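Trainee: The primary structure of each chain is shown beneath.
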Amino acid sequence: MRRVLRAQTGRPGIRANLSVQPCKGNRMASETSLNAGIDDGVRRRDFINIAAVSFAGVGAATVVLPLVNQMNPSADVLALSSTEIDISAIQSGQAIKTSWRKQPVFVRNLTPAEIAEANKVSLGDLRDPQTLAERTKEGKENWLITLGVCTHLGCVPLGAAEGEPRGDFGGYFCPCHGSHYDTAARIRKGPAPTNLVVPPYEFTSDTVVTIG
Amino acid sequence: MSFPWAKNYEPQQPLMKWLDEKLPLPRLVYNAVGAGYPVPRNLNYFWNFGVLAGAALAIQIITGIVLAMHYAANAGVAFDSVEHIMRDVNAGWFIRYAHMNGASMFFIVVYLHIFRGLFYGSYKAPREMVWLLGVVIFLLMMATAFMGYVLPWGQMSFWGAQVITGFFSAIPVVGEPIRVWLLGGFAPDNAALNRFFSLHYLLPFVIAGVVVLHIWALHIPGSSNPTGIEVKDEQDTVPFHPYYTAKDGFGLGVFLILFVALTFFSPNLLGHADNYIPANPLSTPAHIVPEWYFWPFYAILRAFTFNFLWIDAKLWGVIAMFASIALLFFLPWLDSSPVKSSKYRPLYRIFFWVLVADVFLLGLCGKMPAEQPWVILSQIGAAYYFAHFLIILPIVSRIERPLPMPNSITEAVLAKHADASSASATA
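One line per chain: the protein sequences are A and B, in this order. Sequential numbering of the first sequence, starting at 3, is according to this note's numbering. Sequential numbering of the second sequence, starting at -5, is according to this note's numbering.
Isolated chain B, as found in the complex (with noise of 0.2 Å):
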């Protein structure tokens, strides 16, 4: 792995000898994130954003591993020992606020690594795998994310059920059949309740072994960075301990105080207060929603509100939902321009913008109720969102001309560099 000027585990200690014969779990962590990782000298903060979600992740563990010694996943229950959590468990309100905060902070930060990915083209190859494996890693979270808002059996945990599990529904002739069998009822109820738990729990640890995947495919041709330059020889790099565990651990600061203060200050901003009214399967919210990471994806659901071709509403929103996100396994092929770094793509950065806003759009959409003007603005917003993917970038990606590019990351470097120590002088 890595690049030949790597540097070499090689243990002082006597014990870290024997062990490193043994079991070379040092060496591993050593060549992974310690000084045997040679990373791009120039990655800048946008590059702290995979350690966060590491972070957050581990967060989630062990803030969930805690909630499950205290809750109890039977429908006739759930709700009340989430309040005994909240009330009478020593410290419960603050661990699950945490984790459900937390949820929204890893939501956040893996968005942010995401478009980070998106516009300094770090989906390319080599390191396509790294992007397939992290749309993995991200539909993993979705559907763990869902299941855990299922589990404190309120209005919204019901009612999110009873939506999400009917897209399964919209598929023809097996669909209903499918949806009881998902629920293991004709309704959400106890058996619903339980197999989320089940699942609640066991999907964040599979996530860590995608994530295990996602970091050794990203080891093999090594970090991108902001120029989008490959690597060409050892003064391009520095050591990634203490260079980037420095600069990961500021911004894991950040992102703590961040995480703290949205917790202690205002625990309930993301959330809804309808999943404070216990669940009621003869009474829907007037205005259901999604929690705010689902908002782009649920308004695309919404755009269809009408048949076309042979195939009815219903289907088209789930499978525009769906393709919605699938689309992005075929990202690293739609995009065919060999230049990574939106910095010298003057065209893409326009649209890169355009999309940023566009998914803006359909949150909102997805926030507001199904009513007009929300109905045609999501139509647009999932009109443009399939375009910018499946139009815009294939021919951008063709008739774009790059700005001209150092030849170099230390070049790159140094020039930025001797630009800012002459506005200096100037100055």
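With the rest of the complex left out, here is chain A (with noise of 0.2 Å):
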């Protein structure tokens, strides 16, 4: 009750200050003289006023999150995340396309030449330094697992299927910016920044490989 009392007496008070002062005048002078009626120097109408906006920030800011989420991939794109190949029928130096994730994926078995090749390469050569055995599993080094995407912007390289060209370093070749890649199917010339990115996947058995 008090508390209101000074708050209606505090109105009057700033009229006569900018009255008696019109020059210093403004929110300032206002402010002060309210204030000083009220013991702990905040405005009851400040105080509803960033509580009230700050809290409608609060409110828009955490509406933007489902807005921003819903462009995301959605659960039945994520749900695509895992695929099985059988890689029996691949011969020594072919290679097939398969999918996953909507994405190219080749899978390339190496001609032991091949496998020379990558590995007479000095890392020091290579944009993206890789070996052809971190890049492969262990025992399974004729088996190059990668994606069929280009890491600069995203074409399929050639090169997997028969009669392709294959590139300068005889591994594959994007014919949209002129990106060379090696047996490891490792960059080597044109824009791209990495090396053909290696899925995540396991030998389920020995011509069965899951993908992701």
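Simulated from the structure, these hints should not be mistaken for laboratory data. Every value quoted in this text rests on a predicted model; they were computed, and no experiment measured them. You may find that some hints are simply not true.
Claimed, not checked - Derived contacts from chain A toward chain B, CB cut-off under 8 Å, selection only: (1) Asn51; (2) Pro75; (3) Ala77; (4) Cys157; (5) Val158; (6) Gly192.
As the list claims (entries may be wrong) - From chain A, some residues computed to sit far from chain B (all C-beta separations above 10 Å): (7) Phe57; (8) Arg103; (9) Gly141; (10) His154; (11) Cys178.
Unchecked claim - Below, simulated SDA-like cross-link-like pairs (lysine to any residue); rule was C-alpha separation at most 20 Å, straight line: (12) Lys104(A) to Asn68(B); (13) Lys191(A) to Ile271(B); (14) Lys361(B) to Gly180(A); (15) Lys191(A) to Ala280(B); (16) Lys104(A) to Val71(B); (17) Lys99(A) to Ser277(B); (18) Lys191(A) to Trp175(B); (19) Lys191(A) to Val369(B); (20) Lys99(A) to Ser84(A); (21) Lys104(A) to Ile271(B); (22) Lys191(A) to His281(B); (23) Lys104(A) to Gly70(B); (24) Lys191(A) to Leu309(B); (25) Lys104(A) to Trp175(B); (26) Lys191(A) to Leu371(B); (27) Lys16(B) to Ser(-4)(B); (28) Lys191(A) to Ala364(B); (29) Lys99(A) to Leu276(B); (30) Lys99(A) to Ala364(B); (31) Lys11(B) to Asn36(B).
Even for Gly, the Cβ is constructed at its ideal location relative to N, Cα and C.
Work from the hints to combine the two standalone chains into their complex.
Mentor: This is the structure:
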């Protein structure tokens, strides 16, 4: 009750203050005179104002979350994240193209010559240094499994199918912007920044691979 | 707005008087594109292209709304629904071809509009805001055109979406999550197609809104003119209507003749045959190229084939491509010459035409496959493009000695008229 009374009596005080010192005037002067009448120095209306606007701000920010998150891959898109591949029919020197998460995957059965060529390269010459062993599973060094997505801007490189150009380094060649990959699918020339990505995979048996 | 001698809107009929009191919309039109807007008397046909761009936007919105009535934005049926429009829908082939070629015509007139501004210095004070809003419109147009091109879900649509969203993966650390977020998947698919359709429908209306701001900002100082001299008094201007409504009407007629000639006689001239093959996520077309209006920027993107400093080639390409457009935002402050029109700028005029040639060269490089000699040509072209704006233009504007200028628009017009009449007298 005391507080309400003070808030009411504060008003005429402001006017008085302004009329006495019109040049000094404006908010500073009026607030000082008003606060002088209140013990804790905070106007009730300022508090309500800040609290209400902050609460509305938090609410608005919270609503942005689902609006942004709806753009992320939906549950059915994420559900496609594991694919089984039978590799028994792939002869040495052959490659197949399959699909994982709607992206192309290259599975290549490297020839001994290709493995030797990949191991011959010194790591210092590579833009994205990795050995063939790091890019394959132990004991399965002939199975090179990579995404068929150029790390430049996402075209499908050529070289997986019979008769396609395989670039200057005998691996894959991306026709869009001219990136050349070697027999271990490592970037050697052109604009792509990194090697073709090796997806997470396991050999579930000698002839079946599970990607994802 | 505008000049003190602008004609005042005075409705005569009771109905128009009543309307003017309640909602002065006719007054707004009168003052914007009617007799109430005084315009320099010496505008040439290069001043048609703003109106033509507006007409092209209107054509795109109308044909686009109709197409949306027949199109299905689902990756399973999108391609077929476009073929359905082409084969089954009454006059569907015409509406789709008009929309397809309308996009090209829109870019043609907008490029001419932009180069008009570059030649006559329309971007300079007091019209910087007009220019800045114009660049915003240009960016929105590019986004809209790209998303529209994805909708038929042909091979070029799909791989265009893959490559262009791939730009974002060049951003360090957060790039790949941003790309996945934009696509709603790991590769372009149904989610991406649907959101592109939604945004492709939205953005033209955003463009229309920015166009209103563009015209508003223009009407504060009034239109520029070929001499670059500001309007001094009433004899320098004529009312927009009927003088420029007539001149723009003539230009619009020529524009529409060219537009329908393209649409009827060679509707696929500017497209790619590959886009009549349904999207195949497992096979990239041998030679992917964007639509012609993106070629110069595509060439700049591909010009970086080597890592430079600590940034890799891919990020450089993307930065350079975006920078080539972002640069235009700084143009009013890069060119410090107070003389606007190239007519009186002998040195700048030469470099203007070199820039035009450079943009054509870049366009050709963007069309061609990423092989020599196109790679080295696009590197030279891209380097020159940036040099023009960042080095040549600031230097030229400081050292150039402009030609003597007339005192007013009227003086320039009368001098030209006197030349013409004395020339005809001697002949």
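Trainee: Against each hint, give a clear statement of whether it holds in the structure.
Mentor: Taking the hints in turn, this is what the structure says about them:
1. Asn51: This hint is violated: Asn51(A) lies away from chain B, its Cβ roughly 32 Å from the closest one there, beyond 8 Å.
2. Pro75: holds, 5 Å
3. Ala77: violated, 12 Å
4. Cys157: holds, 4 Å
5. Val158: holds, 4 Å
6. Gly192: holds, 6 Å
7. Phe57: Holds: least Cβ distance 29 Å, greater than 10 Å.
8. Arg103: At roughly 4 Å from the nearest Cβ of chain B, Arg103(A) sits no farther out than 10 Å, so the non-interface label is violated.
9. Gly141: holds, 29 Å
10. His154: Violated, since 6 Å does not exceed 10 Å.
11. Cys178: The assertion about Cys178(A) is violated, with a minimum of 5 Å to chain B.
12. Lys104(A) to Asn68(B): holds, 16 Å
13. Lys191(A) to Ile271(B): violated, 30 Å
14. Lys361(B) to Gly180(A): Holds: Lys361(B) and Gly180(A) sit about 14 Å apart, inside 20 Å.
15. Lys191(A) to Ala280(B): Answer holds: Lys191(A) to Ala280(B) is near 19 Å, not above 20 Å.
16. Lys104(A) to Val71(B): holds, 17 Å
17. Lys99(A) to Ser277(B): Satisfied, since the Cα-Cα distance of roughly 10 Å is no more than 20 Å.
18. Lys191(A) to Trp175(B): Violated - the C-alpha atoms of Trp175(B) and Lys191(A) are around 29 Å apart, more than 20 Å.
19. Lys191(A) to Val369(B): holds, 13 Å
20. Lys99(A) to Ser84(A): holds, 16 Å
21. Lys104(A) to Ile271(B): holds, 19 Å
22. Lys191(A) to His281(B): holds, 19 Å
23. Lys104(A) to Gly70(B): Answer holds: Lys104(A) to Gly70(B) is near 14 Å, not above 20 Å.
24. Lys191(A) to Leu309(B): Between Lys191(A) and Leu309(B) the Cα gap is close to 16 Å, so the pair holds against 20 Å.
25. Lys104(A) to Trp175(B): Measuring from Cα to Cα gives roughly 15 Å; hence the hint holds.
26. Lys191(A) to Leu371(B): holds, 19 Å
27. Lys16(B) to Ser(-4)(B): Roughly 24 Å separates the two Cα atoms, so the pair is violated.
28. Lys191(A) to Ala364(B): The hint holds at about 13 Å.
29. Lys99(A) to Leu276(B): At roughly 8 Å apart (the allowed maximum being 20 Å), Leu276(B) and Lys99(A) satisfy the hint.
30. Lys99(A) to Ala364(B): Violated, because 24 Å separates the two Cα atoms, which is more than 20 Å.
31. Lys11(B) to Asn36(B): violated, 34 Å
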